[in-house]
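Visitor: Listed below are the residues making up each chain.
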Amino acid sequence: MNENGLTTTRRTILKGAAAGAAVSFIPTRFAIGQAAKLKIGLMLPFSGTFASPGVNIAEAFKLRIAENGGKVGGRDVEYIQVDDESAPPKAKDNAAKLITKDKVDVLIGTVHSGVAEAMAAVAREEGTLTICPNAGAGKITGEMCAPNIFRSSFSNWQPAYPCGKVMINDGLKKAVMMSWNYPAGHEATGGFKENFVANGGTVVKEIFLDFPKVEFQAYLTEIASIKPDGVFVFFAGAGALKFIQDYAAAGLQGKIPLYGSGFITDGVLKQAGAAADGIKSTLHYADALDNAMNKKFRPAFKAVANKDADVYAVQGYDAGTMLIKGMDAVKGDIKATKALYAAIAGATIESPRGNFTLGKNHNPVQDIYLRIAKGGEETVLGIAHKALADPGKGCSM
Amino acid sequence: MDTSYLLIQTLNGLQYGFLLFLVASGLTLIFGIMGIINLAHGSFFMIGAYLCYWLAEKTGSLWLAILLGVPISVLVGLVVERFGIVFLYKRDHLYQVLLTYGLILIFNELRAILWGNDVQSVKIPAFLAASIPLTETQAYPIYRLFISFVCLLLAAGLYVVIQRTKLGMTIRAGAANREMVQALGLDINRLFAIVFALGAALAAFAGMVNAPVSSVYPGMGEEILIVSFVVVVIGGLGSIKGAFLGAMMIGMADTFGSVLLPTGSGTVVYAVMALVLLWRPQGLFGRAI
Amino acid sequence: MPALSRPVIALLLLAIAGAALFPLTAETYYLKLMTKIMVLGLFAMSLDFLVGFAGLVSMGHAAFFGVAGYGLAWFANKAGIGALEVSLPAALAITALVALAIGWLSIRTTGVYFIMITLALAQMLFYFFKDQRYWGGTDGMNVFKKPKLAFGDWVLLDLSNRYVLYYTCLALLVLAFLLLLTLLRSPFGRVVVGIKENEGRMRALGYDVARYKLAAFVIAGTLAGLAGYLEVVRSAFINPSHLSWHESGTVLVMVLLGGMGTLWGPVVGALALVMLEDSISSLWDHWLLLMGGFVIAVVLFLPDGIAGLIRSLGRRAPKSEAADD
Amino acid sequence: MTEIVLETRALSRHFGALMAVDDVSIGFEKGEVHAVIGPNGAGKTTLINLLSGELLPSSGSIHFKGQDITRLPANAISHLGIGRSYQKTNIFPRFTVFENCWLGAQSRLPSSFRFFRPASRYDAVRARTERALELCGLSQRAHATAAAMSYGEQRQLEIGMMLATEPELLLLDEPLAGMGAEEAHKVVELIQRLAKDHTIILIEHDMDAVFAVAQRLTVMVNGRVLESGTVEKVRTSKAVQEAYLGEDEAEGEAA
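Residue numbers (my numbering), protein chains in the order written: chain A, 1 to 397; chain B, 1 to 289; chain C, 1 to 325; chain D, 1 to 255.
If you are wondering where the hints come from, they were derived from the structure by calculation, not from laboratory data. The reader is advised that the hints may include incorrect statements.
Keeping only pairs whose Cα atoms sit at most 30 Å apart, straight-line, the calculated DSBU-like set for lysine-lysine is [to be verified]:
hint, chain 1, residue 1, chain 2, residue 2
1, C, 196, A, 360
2, C, 196, B, 90
3, A, 360, C, 145
4, B, 123, A, 270
5, C, 78, A, 393
6, C, 146, A, 393
Sample of chain C residues facing chain B (criterion: CB under 8 Å; computed from the structure) [unchecked claim]:
hint, residue
7, 14
8, 21
9, 22
10, 24
11, 115
Think of the CB as a built atom: it goes at the ideal place given N, C-alpha and C, for glycine as much as any other residue.
So that you can see chain A by itself, here it is in the shape it has in the complex (with noise of 0.2 Å):
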């Protein structure tokens, strides 16, 4: 490829930046009232590990706002997607480029704790208003709580407390700990365990293992050793469909009843077959949940994205409920932020996991539901905790 080969321009490379300025020069066109459309930034992971959920929430969103007709507050929608990689270091230009440049009204993300805090970081800069449909970091509806972010999904404490009390009501008091050694998995443990010894237990192990490390054979080992009356995990996606199947190999399945929340089977429960029998978890939904919500939903996300429904494409339905109604509320002027938020914060929002309504600190206050896996299904027990609030720790709304 010779230099005369070439038509670029010697100056056109160095100018760039200025010619990028040049297009920003875009006249906004000028927002009259309600008519010009609703900005929704989608912040979600389409690409790497976590890529089947964001595509999951990706779709249950739109879904939802579809099913209004494609309005909210009367206006309609243009949606600007960014594909976050799961990638913790490009999470405030990804967010700052959908806030600033794309200028959107709405920012729905995302999935990785660690990017949610960054982006939630910006958001709160910004005054966007925010609804995260999944990471369940604890600072998000905690120490960074604020008036325009909001969750539609839990918090890592929220699934896992009721979990102590299962356990408790089973005649189980000796119990093993196990999880990553990551931020999600000391929120999770640390609910299991508040509530457990609460009610009269004792954890007479911990184990975190370094994140995303799946050689857990070491440790079942162990586990078998201590004999406890039982285990409760916090492991996802790959990581719990193979924490499952060593369980069962290493002849613990049916000799140490294993207990979880409900990631270790959400996702993983057909690939996992007859290992994960037995296995008992506590989470906000369940695909078995026979309410009409559900019954609606289910097939109707099977229909737009030809998968099943799980709890990430709920969070994501419901992230559409909750924009819905505060923008109903005021009509489709973003700018009243503070009925705005208000309206979505009173609101009762009707979900496939049952009606649940926000707490002070925006986080869902939800039924959590005990579920127990059998052949590759999952069949709900009952309700393990009615109305259950995150406690909200560092948060002073």
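Chains B, C and D: place on chain A using the hints.
Guide: Below, chains B, C and D without anything else, positioned relative to chain A:
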């Protein structure tokens, strides 16, 4: 640490070591003979695992999946060599690192397009699914023994090929002095293509045979790549013997490291490498640079 | 030595002038984007000093970028010290020590071993920060308190103001460029470049080669630390993945794309890569496929990078006569 | 009896089974030109690499002015005032001739860890560089790029770079290798000029050149010293004739 506990840990260490050897042997061969650092070698491990899941799904049998999967991965290796690696032979290592870095991005996205991003699992065949009870509560899965056995077999086979066959001789000669082999009129391109395809197939096979245990998920390629680099560096670039010893050392170090030091065990593997290189900068069996 | 021919000098002055005037016209987003490009440009330039001039291909340069970032995070969040004149020198000093340790171990090897050992040692640091809850583990840390340079209550530099930050980054980038240029023209620079050209002969001529390579490694590492410090000031966030080998790979792409052995080339590489990623990442879900193809295309068709392209276009101008005597 | 400046005692170096240098003990006189000759593979270049510190001996020792320098690395030996040139041209191809010699000259600074003052301002180094260019006859070619020069000129540059380090003792490894007669003549003249105030150890095949400059000779075969001494003594030595001229002529004395 009673005996059965120790036995299980050793077996785990060996099994992880054998697996690492399959991936590392290809990596060290490709470097030793072709002088190429292949950052995308981990992707072959991932492709193998996904091929195994996909074919097992289609044929319903792990054996058929592996039987069909290996030739496909050899083909993938040949294609990558002819359309990418061939440009790198005379280029220095910086360009090799960057080109194969680009390949990783491409392989990750092709996987996402072909097989999606969900976590998949591969059934262990019935007669291997049981576990050998060691004590009242401790048992060791037979399939893991099967993996170690198969990997050992392959390692022995590789040793025989390298030491005893004509191809093996040309490979060893190529590792010692690439220019001389070329000067002797041997078709160096054919040798490079075979070596690269062999390396790719070894890594893919490791992915396939391990898939039922590790399950199949995005990003699995990159995890094993870094550890395989450590194994190759410890063993000495270009040396199969070194790769085997390095793999065993790292297999044990990682297994016992994560038991004795649950948090922070990630650094044990690298500490071992730093110690070896302090003692012998060119690795255990590497040629002095 | 970096042959700065007349047309290249003119272009550089033009670029600096353009960058200086840019904030007057730009919107916040592009102002912040240019700040990011300048920080990454400084990071890539520090790697070019190592790869392009000293011939040390490091695949773990992001370790220093991250360590200095965590240094600032420690001062801001844990020690509550916002004084720039304390946290910056301290963060750079820590980074220099880490660079000395990693350098000492890596310089003992050459070629491929050097690439792999730098990669592995950087991964070791990545695991250190990922596995320690003190440092925020996999979530990393938000850093809200931005450093200020103040004497008494007279605030000289308040980096929380984005214009001040922009011009500080521009000034530091230009200063770093001049520093490296001076270094390369000093006796030390002559030795470093000589070692890349023919290490064996340099040893025979009486140079203790290892000490010069280590010095070059520490200088490049500390400059990368400065870039890492500024990145955390800019984005108010630090995470273990800032040290991952993906970041080291990306910055290596910037050096090659920009043009090795030119110092100013990698800054253009940073600009090009950021603008490219900014534009194609929203085109298609699988945009990384395009990025992979692009990286391969650069390796195959543009080995001398954009700088090489510009210099060859400028060849009609008088051949670089910035000789030595 | 002039003073021994460099001495090897039972110096050996083997590569696996090959005894490249085997039990060599030679004393090099100060101010003399001492040529080391012998067939290819006799261990001459290995000896030079041992003396210059590029190779560590398997056994034996090397002494320079009474100081044991056996274990010293190449850069330390260079600072003692021992310079060497290479049989296979070993220069800085992309640098100019001036820059090549400059690096030799600059190595004599107490330390090159000077970061801020431009190198070009070090006048002492410039002077040393220009002198070296003078000596090796490349003053006019100062700004030529080394790689673009003729083979002969590159050989001159080899010597020029070494001279820039102002060594006291020169280790010349086949300086005339591959040179035409006219160029060789110029180099022989150069060696004669240098011999006035340097000690020179010369490895060379061109016997005319050897006899033109050398006072002492050592003949090496298969890593061992066959004969060593004045040119006269070595010329008349039976062992040398036997080795060089083959069996028939020295039939009588077969042991």
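Visitor: Next step is simple, just say for each hint if it's right about the structure.
Guide: Now for the hints, and whether the structure bears them out:
no. : hint          : verdict
1   : C:196 x A:360 : violated (63 Å)
2   : C:196 x B:90  : holds (18 Å)
3   : A:360 x C:145 : holds (27 Å)
4   : B:123 x A:270 : holds (11 Å)
5   : C:78 x A:393  : holds (19 Å)
6   : C:146 x A:393 : holds (25 Å)
7   : 14            : violated (29 Å)
8   : 21            : violated (34 Å)
9   : 22            : violated (30 Å)
10  : 24            : violated (37 Å)
11  : 115           : holds (6 Å)
In summary, the numbered hints that this structure violates are 1, 7, 8, 9, 10.
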